[in-house]
Amino acid sequence: MQQQPTEPVLESFIGSLDALERAAMRQSKWPLVVLQPSTYSALTPSSTSSSRTAWRSNALHRRSSLPTTSHLIDNIILWRRTAASSDAERYTAFFPVDGLPHIALLDPRSGERLCVWGNEEGANMDGNQISEQLWSKVQQNLVHFLESHSLEDDALGPMHTQDKPWAVRTRRISQTDGTSASSSVMEDEEAAIAAAIKASLADAGLSSDTFNDDDSDMDRSENSTSTDGNQTLDELVSASSNDDQSDERSNVDLDIPDRPQRDLPPPSTPIQIPLRRADTLPPSSVESLSSSYMERMDSRFRSFQDPQLVEIRRLREEQDAELARSLQEDRERERKEHDEANRKALVKEHMLNAAARLPDEPPEDSQCLTIAVRLSGGKRITRRFKHSDMLQSIADFVIAESGIIALAKAEPCLALKSAGAPLKRVSWHVQLSELSLSNRTMFTLNEAVLL
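For the sequence shown, the numbering used here gives the first residue as 9, with consecutive numbering after it.
Think of the hints as simulated: they come from the structure by calculation, not from any bench.
Just so you know, these numbers come straight off a predicted model, no measurement behind them.
Virtual Cβ for every residue (Gly too), placed ideally from N, Cα, C.
Keep in mind that the hints are not guaranteed to be accurate.
[Stated by the list, open to error] With a straight-line Cα cutoff of 30 Å, these simulated BS3-like cross-link-like pairs (lysine-lysine) come out:
| id | residue 1 | residue 2 |
| --- | --- | --- |
| 1 | Lys425 | Lys356 |
| 2 | Lys37 | Lys206 |
| 3 | Lys432 | Lys387 |
| 4 | Lys356 | Lys394 |
| 5 | Lys344 | Lys356 |
| 6 | Lys417 | Lys394 |
| 7 | Lys356 | Lys417 |
| 8 | Lys387 | Lys417 |
| 9 | Lys417 | Lys344 |
| 10 | Lys417 | Lys432 |
| 11 | Lys432 | Lys352 |
| 12 | Lys425 | Lys387 |
| 13 | Lys352 | Lys417 |
| 14 | Lys344 | Lys394 |
| 15 | Lys425 | Lys394 |
| 16 | Lys394 | Lys432 |
| 17 | Lys387 | Lys352 |
[To be verified] Label pairs and their computed distance ranges (CB to CB):
| id | residue 1 | residue 2 | range |
| --- | --- | --- | --- |
| 18 | Ser156 | Glu342 | 14 to 20 Å |
| 19 | Ser156 | Ala203 | 21 to 27 Å |
| 20 | Ser36 | Ala329 | 33 to 39 Å |
| 21 | Arg382 | Glu340 | 34 to 40 Å |
| 22 | Ala380 | Asn350 | 28 to 34 Å |
| 23 | Ser435 | Ala364 | 20 to 26 Å |
| 24 | Glu326 | Thr452 | 55 to 61 Å |
| 25 | Ser435 | Glu330 | 53 to 59 Å |
| 26 | His346 | Lys417 | 22 to 28 Å |
| 27 | Glu326 | Met33 | 26 to 32 Å |
| 28 | Arg310 | Glu160 | 28 to 34 Å |
| 29 | Gly119 | Ser78 | 26 to 32 Å |
| 30 | Asp106 | Met33 | 26 to 32 Å |
Use the sequences and the hints to build the structure in full.
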């Protein structure tokens with residue numbers, strides 16, 4: 009028995025809202041958000057086949073009139089959540105939701121909400137399911153949207169100029185504001201083209217006055233040739249006015265002196281005017297870009313006017329600042345602990361090296377020296393040395409016992425103070441026999457010099 013082919017369905021994306029936008033950018037798809045109540049029966053894997061057909065193409069529209077659902081699968085990524093989920097709460101923190109069910113289309117590049125579908129102008133609708141009529145209109149709008157929008161790298165933006173149907177609620181400004189914004193964009197483009205022409209004329213050795221004078225001459229010559237040869241300039245002026253002041257202007261004699269001929273470039277070498285990419289766009293594309301920009305600015309303005317969203321942003325900024333301060337304190341504490349560990353390791357290394365350099369301690373007899381060193385805090389260390397040992401051996405003994413590694417770089421006469429005669433200005437590499445020390449000598453370590 010041959011199994012009938014299954015119809016394609018939109019599978020819901022598993023992940024957060026941020027992960028949805030990243031996945032949509034990687035796959036070049038438009039995110040479609042669907043929010044439903046916490047308990048619903050339609051469009052779930054456990055529902056019946058008759059309710060699941062709302063996601064299938066053949067049950068909602070004909071193949072001959074609209075593309076199949078596989079076309080939407082290639083360009084749409086579905087993100088379906090219940091209203092009580094944490095992902096839905098994060099979504100509603102950024103975008104207001106009027107009611108359920110809620111269907112919206114997002115822009116993965118900017119995070120703006122482009123379209124919203126819901127109840128038909130306040131008509132009553134079962135909140136536990138999405139009707140086939142609503143989903144059919146959603147698919148129609150998505151098909152028209154995909155025909156005029158693209159997520160490719162070289163796409164300039166939305167290219168459509170038609171208004172969306174009433175079932176699609178968009179965050180947009182009025183038609184009057186959109187027209188004024190489009191006209192302002194066109195005026196900016198015309199000003200940019202005029203500036204480019206002026207710069208080109210300056211490079212060619214001509215001034216803007218020359219360009220304007222030549223245009224005025226050409227306009228006057230065309231007007232004179234288009235009118236009757238017997239018609240004078242006064243008659244043209246009087247014919248163009250329809251009020252009382254026109255009679256006064258018609259009686260004024262225009263005395264225009266002949267201007268000298270200027271050297272102009274030959275007509276065979278036209279002036280090249282540099283064009284930008286925006287200058288090559290048709291007016292409809294410029295109007296579409298302006299309308300899309302104004303829609304996004306209006307959406308951001310409305311979001312900043314919502315007190316709940318403003319409070320959420322403020323709390324998030326305070327949390328981010330507290331997190332940054334805590335991270336800075338943790339980094340500072342870890343740095344101090346790391347420096348202290350390195351210092352202790354360095355001291356231990358010097359103590360081991362100093363102990364290894366110490367000569368063997370001689371037995372106690374009259375031929376040896378007994379050296380005692382008093383440290384800070386009253387601690388005293390004692391050891392026997394030979395008369396032939398170096399003064400460096402006493403320094404190594406102190407370093408090995410106390411860990412004061414700065415003693416090796418200090419001068420002996422300043423670091424060690426004797427109860428008897430002070431030490432001469434000698435180096436650490438002098439023998440003890442040259443210092444005229446008694447058999448029992450006590451030194452006091454001057455740690456103030458070693459700091």
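Against the structure, the hints:
With a C-alpha separation of about 26 Å, the suggested pairing of Lys425 with Lys356 holds against the 30 Å cut-off. Taking the CA atoms of Lys37 and Lys206, the gap is about 44 Å. The hint is violated against a cut of 30 Å. For the hint linking Lys432 to Lys387, the alpha-carbon distance of about 25 Å falls within 30 Å, and the restraint holds. Restraint check for Lys356 and Lys394: satisfied, since their Cα atoms lie roughly 27 Å apart, inside the 30 Å limit.
Only pairs whose Cα atoms come within 30 Å are accepted, and Lys344 paired with Lys356 is accepted, the gap being roughly 18 Å. Taking the CA atoms of Lys417 and Lys394, the gap is about 23 Å. The hint holds against a cut of 30 Å. Among the hinted pairs, Lys356 with Lys417 is consistent with the structure: their alpha-carbon atoms are about 17 Å apart, no more than 30 Å. Distance restraint check for Lys387 and Lys417: the Cα-Cα separation of roughly 22 Å lies within the 30 Å cut-off, and the hinted pair is therefore satisfied.
Under the criterion of a C-alpha separation no larger than 30 Å, the hint pairing Lys417 with Lys344 is consistent with the structure, at around 25 Å. For the suggested pair Lys417 and Lys432, the alpha carbons sit about 17 Å apart, so the restraint of at most 30 Å is met. Between Lys432 and Lys352 the CA atoms are separated by roughly 33 Å; this puts the pair beyond 30 Å, and the hint is violated. For the given pair, Lys425 sits about 15 Å from Lys387 by alpha-carbon distance, which is consistent with the 30 Å threshold.
In summary, the hint linking Lys352 to Lys417 is supported, as the alpha carbons are separated by about 18 Å, within the 30 Å threshold. As the CA atoms of Lys344 and Lys394 are separated by approximately 43 Å, the hinted pair breaks the 30 Å bound. As the CA atoms of Lys425 and Lys394 are separated by approximately 20 Å, the hinted pair is consistent with the 30 Å bound. Of the pairs offered as hints, the one joining Lys394 and Lys432 holds, with about 20 Å between alpha carbons and a cut-off of 30 Å not exceeded.
Among the hinted pairs, Lys387 with Lys352 is consistent with the structure: their alpha-carbon atoms are about 21 Å apart, no more than 30 Å. Separation of Ser156 from Glu342 is about 54 Å and departs from the stated range, judged on CB atoms against 14 to 20 Å. Checked against the hint of 21 to 27 Å, the C-beta distance between Ser156 and Ala203 comes to roughly 32 Å, which is inconsistent with it. For the pair Ser36 and Ala329, the beta carbons lie near 36 Å from each other, so the given range of 33 to 39 Å is met.
Distance hint check: the CB atoms of Arg382 and Glu340 are about 38 Å apart, consistent with the given range 34 to 40 Å. As the Cβ distance of Ala380 to Asn350 is approximately 33 Å, the hint placing it in 28 to 34 Å holds. The beta-carbon spacing between Ser435 and Ala364, approximately 21 Å, falls within the hinted interval of 20 to 26 Å. In this structure the hint that Glu326 and Thr452 lie 55 to 61 Å apart at CB holds, the actual value being about 58 Å.
The given range of 53 to 59 Å is respected by Ser435 and Glu330, whose C-beta atoms sit roughly 58 Å from each other. Against the hinted window of 22 to 28 Å, the Cβ-Cβ separation of His346 and Lys417 comes to about 24 Å, which satisfies the hint. Separation of Glu326 from Met33 is about 30 Å and conforms to the stated range, judged on CB atoms against 26 to 32 Å. About 29 Å separates the C-beta atoms of Arg310 and Glu160, a value consistent with the hinted range of 28 to 34 Å.
One distance hint, 26 to 32 Å for the beta-carbon pair Gly119 and Ser78, holds here, with the actual separation near 27 Å. With their beta carbons about 28 Å apart, Asp106 and Met33 fall inside the hinted range of 26 to 32 Å.
In the structure shown, a violation is registered for the earlier hints numbered 2, 11, 14, 18, 19, in ascending order.
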